Amino acid sequence: MAVFAVLLALAGPAGVARAAAPQPAHPAPAAAVPKVLRVGTEGVYPPFSYHDGNGNFTGYDVELIQQIGKRLGVQVQLVQTPFDSMFAALESGRIDLVANEISPTPERKAKYDLSAPYISTTGVVVVASGNKDITSLADIKGKRAGQSLTSNWSQVAKKAGATIVPIQDMDKAMTALAQNRVQVVVNDELAVRNYLNTTGNKQVKIVSTTSDKTDSVFAARKGSGYMPQINAQIAAMRSDGALQQLYDKYFGTKAQQQEKQAGNRSSWQIVRDNLWPMLLATLRTTIPLTAISFVLGLAIALLIALMRRSTIAIVSWLARAYISIIRGTPLLVQLFIVFYGLPQLGLKFSPFGAAILALSLNVGGYAAEVIRSAIAAVPQGQWEAAETIGMDYRTTLRRVVLPQAARIAVPPLGNTLVSLVKDTSLTSVILVADLFQKAQNAAAPTFEYMGLYTAAAAYYWVICFVLNALQGRLEKRLNRYVVR
Amino acid sequence: MTTPQSSPRTPLVEVTSMAKRFGDHEVIKDVSFEVGKGTVTVVIGPSGSGKTTLLRGLNALELPDSGAVRIGDVDVDFGQIHPGRGGRLAKPDRELVRRYRAQSGMVFQSHNLFPHRTALQNVTEGPIVVQHRPAAEADDQARKLLEKVGLTGHVDKYPYQLSGGQQQRVGIARALALEPELLLLDEPTSALDPELVGGVLAVIRALAQEGRTMVIVTHEIRFARQVADQVLFIDEGLVVERGTPEQVLEHPTKERTRTFLQRLLEA
Ligand SMILES: Nc1ncnc2c1ncn2[C@@H]1O[C@H](COP(=O)(O)OP(=O)(O)OP(=O)(O)O)[C@@H](O)[C@H]1O
Ligand SMILES: [Mg+2]
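Chains W and S, in that order, give the protein sequences. According to the working numbering, the first sequence holds residues 1 to 484 in order. According to the working numbering, the second sequence holds residues 1001 to 1267 in order.
The reader is advised that the hints may include incorrect statements.
Partner residues are not named here, just some residues of chain S that face chain W (Cβ under 10 Å, in silico) [what the hints assert, rightly or not]: (1) Arg1021; (2) Ser1104; (3) Pro1127; (4) Gln1131; (5) Ala1135; (6) Gln1161.
Treat the hints as calculated values from the structure; they're not laboratory data. Since this is a predicted model, take the numbers as computed values, not measurements. Beta carbons are placed, not taken as given, at the ideal position from N, Cα and C, and that holds for glycine.
Isolated chain W (complex conformation):
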């Protein structure tokens, strides 16, 4: 399919590139740390990895890997990655290293190159303030625990007999706890203390610590070969005091005071400070993403609709299969296949390119049926009238059939477009820095969910409102030749 090839070529400034070469089975010889070290980190996990008031990455893990990078003379490029797709991103070669409080489980030791520990912490059991049932890890048996599925704390809670309720970020888990949707959260002591200090949240409390200490390490693909050099820098920082300094900066009492001040901004101030960055993300990412995907999607849809009408059985069957697959699978899964799956076949896209590819293929599937039925609604006599004056198929489509089909198709296509605007918010899971990701980044360290997500909702609503108004005008224009 030619259009598909063109789309692949168009998708993203990076274009198509070869994925990482297959990894050797035996331990690789020491290799140089990449000149540009791409480091995956959540960006919504304070105080280890989050965004400061200016929207820049910061946090203990972030600063540590930045310092290590500086000492090694390589450039550290931070890639915001949701924790649940962190290792998929590592394996598909989108990042070279994970700096996100990774604990060295046996499974991870087997699958990845892990660094020496750079910080140790213990787990804490957190419950709602009014809860008197749970006083230790032993009491959480049979209770509902809000945990990120891929995080180590989820294993701890599970081993203690809790039912795991998947909640991606620690801070969302705390909110669920306060709202009594879960009864317990097991998480990192430092992260929890930071949360309590910055929010002043009195609705949850720490009731006990877990017995075991947990280390945090960096992770790279197996056979990367450069872990020894990173380990050497961790050791150097430990002995020259840089590591301690960093620890004090984030976990000393002074640090907490500073964080507290930041946390004392009023809700309105937090929202106001983020209105402009969110607007920028809307203008730079959400709107272009929508516009480009819609235009490409319509082109695909038209092609599929025409294929579907073909009298050649295999051609119309292919179109039917395409529509069925697109409409029968979740967009989220399609995004993951394009972004994390295709690299394993050697097709790698930038986040923006992958989002455009997945969204336009998706729009193509939904709009194809709309266009097909709009074309079918144009009377056969119109085709014949065009044929009898000597028009060929393409001219007939362009000058006679599509203008009339457009009138029929515009209302349902308007719905497709509005859905697309909203669906762009899903692309934050494939690392696209869209409006919704900005809202998430701002909400994580400030815990201002209501205000920030409401502001994001308002932006989406404004876009859809404007599109609806434009659609009304277009419909009026297309209806001018019809009896009123």
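Chain W is fixed; fit chain S with the ligands onto it per the hints.
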């Protein structure tokens, strides 16, 4: 168009043994006739007898399965032309059919005007888009044609703003704009309210007086008597009777023709 091999004596149209079937249904079995240049042929026959199919065959909207048709200097042996996969013709055949189709203009029973174009644009569409004539020239010609069919002052109206009779007259102007040798009209008045029929027939009558070669399917016997040089009575895909209006309409020799005319008069 000047046709080198045509003298006043050679007919403009020669249909030889045309046949067309849809599945098992032989709609046109074996039809042959000629149409002289500048003459009017009226085709009559019961419903389902194949009149529309015959006319569509002359415009290649339907490709006959066999038989030959010559219109002017374009001669097509349909026995040699077969659509391939997906109903497409091979390139030389496509070009031949395109030239064949350009010889005639079609006026549909239900006019099939383009609803999103004004009367003027409906008429200029073919000349500008298909024949690539300059827009100003096509515009001029279209205004003249619309004037001829009595639509001065309606040129910028959309079809929905016109009456059925006016729409049908735009349809005639649209067919004429491509300057075909032959004009085909399929029951041009049967979809119209009775009070609108007269205007359309008057236009056709004027065209006949101008010396337009036409093949008209119609049930208007009185009109046929006035304009026809030749009448074909078709039944079950065969030409049952053929002759002057006098012969076929006044003194039919075949029983089937007589019953048909009888029924038409009673209706
Ligand atoms: N595309 C087609 N596919 C199948 N059958 C067809 C098709 N076109 C016409 N027919 C059949 O061929 C027969 C002749 O049709 P045609 O339209 O030529 O008749 P007609 O003489 O014009 O009738 P009427 O006076 O009702 O217009 C009819 O039985 C019709 O059902
Ligand atoms: Mg008919």
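Results for each hint:
1. Arg1021: Result: violated, 19 Å to nearest chain W Cβ.
2. Ser1104: 8 Å, holds
3. Pro1127: Constraint on Pro1127(S) satisfied, holds at 9 Å.
4. Gln1131: 8 Å, holds
5. Ala1135: 14 Å, violated
6. Gln1161: At 9 Å from the nearest chain W Cβ, Gln1161(S) passes the 10 Å test, so the hint holds.
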